[in-house]
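Engineer: Once you have looked at the hints, place chain W on chain F.
One line per chain: the protein sequences are F and W, in this order. Each position in the first sequence, counted from 1, maps to that position plus 963 in the numbering used here. Each position in the second sequence, counted from 1, maps to that position plus 963 in the numbering used here.
Hints were generated in silico from the structure; no laboratory data involved. Just so we're clear, the structure is a prediction, and the values are computed from it rather than from any experiment. Built from N, CA and C at the ideal position, the CB exists for glycine as well. Incorrect hints may appear among the rest.
Computed, partial: chain F to chain W, Cβ under 10 Å [stated by the list, open to error]:
id: 1; residue: I1132
id: 2; residue: K1133
id: 3; residue: D1361
id: 4; residue: D1366
id: 5; residue: L1368
id: 6; residue: V1424
id: 7; residue: I1500
id: 8; residue: E1502
id: 9; residue: P1547
Straight-line distance between alpha carbons at most 30 Å, and here's what the computed DSSO-like set of lysine-lysine pairs gives [as the list claims (entries may be wrong)]:
id: 10; chain 1: F; residue 1: K1128; chain 2: F; residue 2: K1014
id: 11; chain 1: F; residue 1: K1427; chain 2: W; residue 2: K1430
id: 12; chain 1: W; residue 1: K1459; chain 2: F; residue 2: K1427
id: 13; chain 1: F; residue 1: K1430; chain 2: W; residue 2: K1535
id: 14; chain 1: W; residue 1: K1430; chain 2: F; residue 2: K1508
id: 15; chain 1: F; residue 1: K1459; chain 2: W; residue 2: K1430
id: 16; chain 1: F; residue 1: K1473; chain 2: W; residue 2: K1427
id: 17; chain 1: F; residue 1: K1427; chain 2: W; residue 2: K1473
id: 18; chain 1: F; residue 1: K1473; chain 2: W; residue 2: K1430
id: 19; chain 1: F; residue 1: K1133; chain 2: W; residue 2: K1535
id: 20; chain 1: W; residue 1: K1427; chain 2: F; residue 2: K1508
id: 21; chain 1: F; residue 1: K1154; chain 2: F; residue 2: K1138
There are 2 protein chains.
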Amino acid sequence: MNLENNLRTTTQWEIIENTFDPDQLVTTGSNFMIGNGYMGYRGTFEEWEAKDYVACIVTDTWDKAEGSQWSELCNVPNGLFTQLFVNDKLVTVFDGEITDYYRALDLRNGLNQRKMRWRSSEEDGVQLEVEKFASKTNHHVLAMRYSFTALQDGTYRLNTGIDGKVWSIKGEHFKSYTPFEEDSLLGLSLKTYEQDTEIAVVEGIAFLENTPEKSEITITDKGCFRELEFTLKKGETVTFQKVVSITHSNEVQHPIKLAKEEVSQGLQYGYDTLKKEHQQSWDSFWDRSDIQIQGNPEAQVLTRFNIYQAFIATPTHANLPIGARGLSCQVYQGAAFWDQETYNLPMYCYTHPEIAKNLVTYRFDTLPGAKRKAQNLGYYGAFYAWTSGKTGDELFPDYFFTDVLTGRKIRNHFNCWQIHISPDVVYGIWLYYEASLDWDFILKHGAEVLFEVAQFLVSRVHFKKDKDRFELIRLLGPDEYHENVDNDAYTNYLTKYALEKAIWAFDTMKEKEPNRLQEILNTVGIEEQARNDWSEIAELIYLPKPDPKTRVIEQFDGYFTLEDIRPDALRKRLIDPGEYWGWPNGIAVNTQVLKQADVIQLLALFDGFSDEVLTANYEYYEPRTEHGSSLSPSVHALVACKANHHEEAYRYFMEASTIDLYNASKKVMSGGSFLGGIHTAAAGGVWRIIIEGFAGFKVKTDGIAFDPAIPDAWEGISFKLFVKQCLLEISVYKDSFHVKSDRSNTDSITIDFRGQQVSLVPGAAVDF
Amino acid sequence: MNLENNLRTTTQWEIIENTFDPDQLVTTGSNFMIGNGYMGYRGTFEEWEAKDYVACIVTDTWDKAEGSQWSELCNVPNGLFTQLFVNDKLVTVFDGEITDYYRALDLRNGLNQRKMRWRSSEEDGVQLEVEKFASKTNHHVLAMRYSFTALQDGTYRLNTGIDGKVWSIKGEHFKSYTPFEEDSLLGLSLKTYEQDTEIAVVEGIAFLENTPEKSEITITDKGCFRELEFTLKKGETVTFQKVVSITHSNEVQHPIKLAKEEVSQGLQYGYDTLKKEHQQSWDSFWDRSDIQIQGNPEAQVLTRFNIYQAFIATPTHANLPIGARGLSCQVYQGAAFWDQETYNLPMYCYTHPEIAKNLVTYRFDTLPGAKRKAQNLGYYGAFYAWTSGKTGDELFPDYFFTDVLTGRKIRNHFNCWQIHISPDVVYGIWLYYEASLDWDFILKHGAEVLFEVAQFLVSRVHFKKDKDRFELIRLLGPDEYHENVDNDAYTNYLTKYALEKAIWAFDTMKEKEPNRLQEILNTVGIEEQARNDWSEIAELIYLPKPDPKTRVIEQFDGYFTLEDIRPDALRKRLIDPGEYWGWPNGIAVNTQVLKQADVIQLLALFDGFSDEVLTANYEYYEPRTEHGSSLSPSVHALVACKANHHEEAYRYFMEASTIDLYNASKKVMSGGSFLGGIHTAAAGGVWRIIIEGFAGFKVKTDGIAFDPAIPDAWEGISFKLFVKQCLLEISVYKDSFHVKSDRSNTDSITIDFRGQQVSLVPGAAVDF
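Isolated chain F, as found in the complex (with noise of 0.2 Å):
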């Protein structure tokens, strides 16, 4: 079934199944999901298990499994688990009759709900209710409400406990289970194999309607579960809550005693305490961050569900990176790429900067790390790794994909010859700095960061001589199916972006900061004559320029030579639908068809282009992209935008935001890797397509500019800004055009509108 025909939406606050759909088992699993950045808990069924993709991913729980050489983050035993057997028989979407199904996702609140009516025959049935949230207010918290009414007088048993028999894509991270029962808690303390951390996961139930009459606990070697069973009478309910906590050593000292506690506390608040402090949380978030558009529903459910996806991904408790599928599986690690700079960073560094904050700080925790990765690869200064955990080093395996072709590994190059993760990184750094003006960052943080990519950047630099010029040589752009490239373009503005924001804060620091400076410099082990090192490059690195006649930009050196082919023509050559398109032979590597463009990328980052240079690259490398990754329609779409294709920058934004409710992207599985998930990236760069795509948001050094074109579907946009330290309401019309400062800000704020400028003193308002 079409997912898309499956959902629908009554305030534009939920998405609401249909049907149940086993074929969609994966991605409804992703969609349907609760989290709060410190855990994600799949959107699956109470009474599922390992084999249903049921999961509970924790962040910081880093560890490489039995036998694995990958670092992925834990699946932890399933606290949640619960069976219903009516009359011995398991209540299940599997089997009998499934009436009044309703699966839900309040994205305001960050619920998870489920009700059905189950019948297996005339003599047994029931109406099931659950619903359950991943705290905001306790990261470690899980809770949830378990009510089921009996359609038949019978016997109903439930089995709830924790299942530690858990899916895990490299094999098994934990080397003991410890299960135990203690004061009325069941617990399951676990070690894993590489890092020996110790994961605590407990939890408790209390009855709100209806005891058990019988109750037993069972041990097994991977879990402890309660048996309970009831005899009732048709009408009859039972209802219980459950909480449970997952802590684990990484992150506190006693992982089973605060574990334990937490529990015990929650029981005592209850079901309903609990998410009433869970709900106000959420509406803090969605006070600053909600999108509301006028006129379209559906763009409205889309947007919201993108946002909700991009927010539940991102540890706001700690510094920790935002996985490329959020905490949704295992897949890529749980770990940071470049993305976490170019889509995600950019909605909280204009909505929430103190989040914005704990992200670019964790690039500065991971500084260490980058520089073992530099010095491995005989390069000195940051080279930030391609794929993020903890402590920043390189987790991206020499062998990812698999040629389905012959069974063998493929040696990719994403963890050596991806370099623009580096001055991704110093992007990253800039726009948080130029959206909160937080000096201070620089100063403590930031500088050194910056100064530490610059010095990579100089030992990964080649002068050509004869050219009187610097070339990067043997890269990997964004478009990763061509490996191995000189001088990409995307990579080349960007190492010279990276350099002068390097220079920059070097001056401005002898100007104002001359001894954190030294300091600064002494820290890194470079003298001041670094600085000219910097300027040198910046000034002599090779950017490919628009072709006088064409005005098309060259992805890299001699692209152009290779063969120009579509990507619907070039699929007929897959022999195997699962072959990985690009490196080292795949069909994607001598032609120019692209996984996705570096130089959209490109003109998605960066202002300075003419509108002849954007219309032209736009229509050249757009049907030449595969798009391949989940992030090229959100590029497209913003691009689009610039490009004045607004018909195509629309159909993009549907893409994007479809990618996974709809399922649109549809691979699960490429070159031998599991690849599903949320696509969290992508969810990041709706908010971009709409605040600076639609709306034409910009920052610009002396206050912010817009230039919007709302899309013909809808009638307008609303939306707040954290920008400059002024909270802003925006509101965009076809034919208008509003934007307040907030009362309590401290300072004006310029507001560029299609070059006309307005100085917004706090409190006031301004139309165009």
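Structural biologist: Relative to the frame of chain F, chain W by itself:
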């Protein structure tokens, strides 16, 4: 059957096959071939056709077959085609009973001979005797004497003429066939597809014993034949001679006219006269080129076989390349590779400098092609073709191998990353100059090549400012399994060497011939300033040095970090035995297993490495080498000599010298490509092993030196050298060493024997 056991020799001047082995048909066709550097005629039987790999490959006929992207030499129609029918039964080695079988290659006289007694039943049988040669005095001419004796009374029918249905690897080369009969001669005139080259094959016959009763001419679309009938009594013999001339419009103005004249004249002279002239020419070759090995008949005949094969592959009539498979088939396109300079040139430099001069002049003649190649790839100067035909334009195709597992073409980069070919050309020029002292060649041709190569290197290097060194990025060294490497030991050392030779030529000319220098600078289009670029790079280019601890030189940056496995263990990973091991995803790519070791190649070419370094590198690289290249055994033999591994040196000598004759390499197909034929470089390498390895011969600026180590299995070696304009006779025994300067010499020469130096005047001799 093992080929080795099927061969014998009586005078060590011939190889004789004991029985016909159809399984070895491809190989023996090459081994028993005749040729003269203009054409190669495979050692096949007269009655054979295309399916039996009959071929007559003619140099200077490069052409792309219909629909092919591959330029290759043409296989021309077989003018010696002759079938004999006894009572309508074809006399062939594939049928009937064969006795007194004898196929021989007379190395001394360049003759192919066959004798056999054939019977299909009691009623019919024939004694056959054939001899043929490719004339060394008129390179267009093939001559044959064909004789048969009736073993029973019966009807004997000959079908002899020109068979135009040829074996051609990349497809049909001839767009038109025009057969004709004129003045009792048969002819076939052809036009090639791409180049419109006119090729003429003309034949004539004359009976020496008996004449046919019936004679008829048949003209088919691709051939013309004489049908000749004889009724013979038992014991009666028929003998005829045949003369064929093969001419083409790339060499002569009127190919048909000339071919007819040559055939008529040849028939007038008669087979015996033609053969006598031919033998005289071979005599004078062997007089200078023979190496006499005392005490080991097998090594003696192997040595002569290899010198023979190297010689018949060499176009001595013009400045044309030596093909990597000579003229034994179309494989490797009849074109020169780096082997020409490093494996084949040395023998000529030190025995027949006039032939060496042809070869180095060929590199001058192809400068325009090398300059076009550089320009096409974004460089300047001369980037010599990896696969070099007449014009020096690159003939190596982008897609050479096929991935046998997927059927997809493999994009190799032999044509664009294997840059050492340009320094190799310089190596050849210097070799020739140092041996011949032909300063005139440097002035007229050599210096321009040196300067253009230096300019190419200027355009190819990158400068690492932070390391204050030049680097060479993205290389493919002689070890072709590892493409895309940086700072390849062989390439970097050779680059420095090539630049130093350009500087030497510049400085010497500036002193001696400033006007000519200015002329060349003008031709190249550079200023005197260019010399500074060369010397800056020569001084600062990074040379991978022996590791201070292990003394091993790393083949390229990061080689030591690759998986350290041995070839035999690695081979087990093959899915298909025909897989290509190298780029991009072959089994050797991510391992230390080499096709041939670049460092060994380096040590083979250059002096100045300590014994410690020689031994350490030999011992490190030898076990990691797969010897997937026929070039590998001879350099291993050479370096084993230098590294005092004498037993291994001899083992590698035997490998190198038997690659073809014993079919030691056994590879006819690799990566989907037919790779049969004679390994011309290996043949040239055998000379080098004996003279440079076992006799320890070395040319020095002020003379020549010897440091011999005769193999245990031999008693001694005698040979001639013509070096520094002196003809020398040398005999090396285990306990004595003898050099005699020929009376005809005009100058004395300094001989260094393990440090003892003697100046030898003309006519004098010395014993050490």
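Engineer: Hint by hint, which ones does this structure get wrong, listed from lowest number up?
Structural biologist: 1, 2, 8 and 13
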